[in-house]
Amino acid sequence: MTLTVQSISKRYDGAAVLQDASITIRDGEFVALLGPSGSGKTTLLNVISGLVQPDAGQLLLDGRDITALPAGARRFGMVFQSYALFRHMTVAQNIGFGLQVLPRGDRLDKAGRAAKVRELLAMIEMPDLGDRYPAQLSGGQQQRVAMARALAIDPALLLLDEPFSALDAKVRHSLRGSVRDLQRRVGVAAILVTHDQAEAFEVADRIAVMNGGRIEQIGTPEELRAAPATPFVQDFLTAA
Amino acid sequence: MLRRTLIALAVLFAAVVIVLPVAAILSRAFAEGVGAWWAAVSDPETLQAVWLTVLTALIVLPLNILFGLCAAWAIARFRFPGRRALLILIEIPFAVSPIVAGLCFLLVYGAYGPVGGALQPYGLQLMFNLTGIVMVSLFVTCPFVVREVLPVLQVTGEDEEKAALTLGANGWQIFRHVTLPNVTWALVYGAILATARAIGEFGAVSVVSGAIRGQTMTLPLQIELLYNDYNTTGAFAAATLLTALALLTLVLRGAITAIHPAHGARP
Numbered sequence: 001m002t003l004t005v006q007s008i009s010k011r012y013d014g015a016a017v018l019q020d021a022s023i024t025i026r027d028g029e030f031v032a033l034l035g036p037s038g039s040g041k042t043t044l045l046n047v048i049s050g051l052v053q054p055d056a057g058q059l060l061l062d063g064r065d066i067t068a069l070p071a072g073a074r075r076f077g078m079v080f081q082s083y084a085l086f087r088h089m090t091v092a093q094n095i096g097f098g099l100q101v102l103p104r105g106d107r108l109d110k111a112g113r114a115a116k117v118r119e120l121l122a123m124i125e126m127p128d129l130g131d132r133y134p135a136q137l138s139g140g141q142q143q144r145v146a147m148a149r150a151l152a153i154d155p156a157l158l159l160l161d162e163p164f165s166a167l168d169a170k171v172r173h174s175l176r177g178s179v180r181d182l183q184r185r186v187g188v189a190a191i192l193v194t195h196d197q198a199e200a201f202e203v204a205d206r207i208a209v210m211n212g213g214r215i216e217q218i219g220t221p222e223e224l225r226a227a228p229a230t231p232f233v234q235d236f237l238t239a240a
Numbered sequence: 001m002l003r004r005t006l007i008a009l010a011v012l013f014a015a016v017v018i019v020l021p022v023a024a025i026l027s028r029a030f031a032e033g034v035g036a037w038w039a040a041v042s043d044p045e046t047l048q049a050v051w052l053t054v055l056t057a058l059i060v061l062p063l064n065i066l067f068g069l070c071a072a073w074a075i076a077r078f079r080f081p082g083r084r085a086l087l088i089l090i091e092i093p094f095a096v097s098p099i100v101a102g103l104c105f106l107l108v109y110g111a112y113g114p115v116g117g118a119l120q121p122y123g124l125q126l127m128f129n130l131t132g133i134v135m136v137s138l139f140v141t142c143p144f145v146v147r148e149v150l151p152v153l154q155v156t157g158e159d160e161e162k163a164a165l166t167l168g169a170n171g172w173q174i175f176r177h178v179t180l181p182n183v184t185w186a187l188v189y190g191a192i193l194a195t196a197r198a199i200g201e202f203g204a205v206s207v208v209s210g211a212i213r214g215q216t217m218t219l220p221l222q223i224e225l226l227y228n229d230y231n232t233t234g235a236f237a238a239a240t241l242l243t244a245l246a247l248l249t250l251v252l253r254g255a256i257t258a259i260h261p262a263h264g265a266r267p
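From first to last, the protein sequence lines are chains A and B. Taken in order, the first sequence gives residues 1 to 240; the numbers are from full-length UniProt numbering. Taken in order, the second sequence gives residues 1 to 267; the numbers are from full-length UniProt numbering.
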């Protein structure tokens, strides 16, 4: 799987929120979009997810143009900042939702869906909590359920929108490791949106630093530290 | 001391404004015995009025649910020209006196109005029959469902719907499995309030019903008619039926509050 983001631009009410953003995400890679609020990182993630249509530019998935493909047809698993768990469904129903809404022909049978949900519950280390409701879970548990729900559809790509921002510092640290671990085990490429450079440096293979709707620099944590391309990147990284 | 005074005031207020009048209805209705009450409520004209009232409520209910859901969804989820105007329009029935609303309907849909006049040659009459009663009842009750559902939709936000979208759900699946379960109780609550209002509506209905005895009399109109005929027992006996319908909606409301406390707590 290779996703190529090509010269994406987006304006809201005349203001440019994304300008000519290009980046390539390779198979199994963990990429962070790092920048201050208003830098366009969440908009770029929403364009990739299909929730927002760009004004210009292209998205290529293994060479195929998916720019006009609806969000549901892209099969990208998304974890929202608020987790957006379905509050009236149990944990198991939440995780199984993406399996259940498939057209009849593509859908696993009931037993197959239940087995898949059990497998995912075990993977997020919550094997006995399938009957709980989201409101009965801690923030960290909710985040893991959101991960499992996104992974249930065997996504081509995992999209993480500030998934740690609602957690307290201690939980955040331990969850960073487990999210990275989960992503490696499943072998899915992931894009993480964050404003926290420590977080980006800890989990990402490569980081795209964003500012004012542009991608200022893309590189590994070592490359960014060794050779910041612009004064903004330099300032943003040393401010930590 | 202050606490006791406040409680006493509240009890006194409830007694004067609510308990005494309801008790009076019952005592007057049964003043000449259960037999007289039964004779009054089983009068064909009164039964016809009960049937017309229930029929109207049953027709108005699904239309209210449909319109309320659509309007609330559109206002909560989309930005379109005229959105604010629609929000204000939906409030109008609360602000306009029902009798004025009835006159407006008569003016537009009556035999001499632009719409009613145009339909006249085809033998279609909108006013002074069930159609007219349903139309004004819809006007009077249409804000209830929207006003209950809209805030819930706005609070629950779009994130759950977006999540369902990225998981591959289509529009209907999102509505059926995500949106609707989140607003179910608000919807039921709004529908009950609207139904209670439709059953009790007097002003607007009195203008467009034509008050044809045994045909276009709803229960509130029938009660006034009986009262004006000096048929006190008949009027109060009919009033017990209307009160019973109102109490039934109260019980339903209470049941919902018991099942789903979070919603009942909202005003």
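Hints listed in this document are in silico derivations from the structure and should not be mistaken for laboratory results. Mixed in with the good hints, there may be bad ones.
Ranges between beta-carbon positions, derived for each pair [unchecked claim]:
| no. | chain 1 | residue 1 | chain 2 | residue 2 | range |
| --- | --- | --- | --- | --- | --- |
| 1 | B | I92 | A | R87 | 29 to 39 Å |
| 2 | B | D159 | A | G177 | 21 to 31 Å |
| 3 | A | G177 | B | L248 | 50 to 60 Å |
| 4 | A | K170 | B | T184 | 29 to 39 Å |
| 5 | A | P103 | B | G82 | 28 to 38 Å |
| 6 | B | L130 | A | D154 | 48 to 58 Å |
| 7 | A | P36 | B | L9 | 53 to 63 Å |
| 8 | B | L66 | A | R87 | 19 to 29 Å |
| 9 | A | T24 | B | A95 | 33 to 43 Å |
| 10 | A | R184 | B | D159 | 51 to 61 Å |
Derived, one-sided and incomplete: chain A residues facing chain B with beta-carbon distance under 7 Å [unchecked claim]:
| no. | residue |
| --- | --- |
| 11 | A71 |
| 12 | F80 |
| 13 | F86 |
| 14 | H88 |
| 15 | F97 |
| 16 | G98 |
| 17 | G219 |
None of these values were measured; they are calculated from a predicted model. Backbone N, C-alpha and C define an ideal beta-carbon position, used for all residues, glycine too.
Okay, the hints, checked on the actual structure:
no., hint, result
1, I92/B with R87/A: 29 to 39 Å, "holds (34 Å)"
2, D159/B with G177/A: 21 to 31 Å, "holds (26 Å)"
3, G177/A with L248/B: 50 to 60 Å, "holds (59 Å)"
4, K170/A with T184/B: 29 to 39 Å, "holds (38 Å)"
5, P103/A with G82/B: 28 to 38 Å, "holds (36 Å)"
6, L130/B with D154/A: 48 to 58 Å, "holds (56 Å)"
7, P36/A with L9/B: 53 to 63 Å, "holds (57 Å)"
8, L66/B with R87/A: 19 to 29 Å, "holds (25 Å)"
9, T24/A with A95/B: 33 to 43 Å, "violated (59 Å)"
10, R184/A with D159/B: 51 to 61 Å, "violated (27 Å)"
11, A71, "holds (5 Å)"
12, F80, "holds (5 Å)"
13, F86, "holds (6 Å)"
14, H88, "holds (4 Å)"
15, F97, "holds (6 Å)"
16, G98, "holds (4 Å)"
17, G219, "violated (29 Å)"
Checked against the numbered hints given earlier, this structure breaks hints 9, 10, 17; the rest are met.
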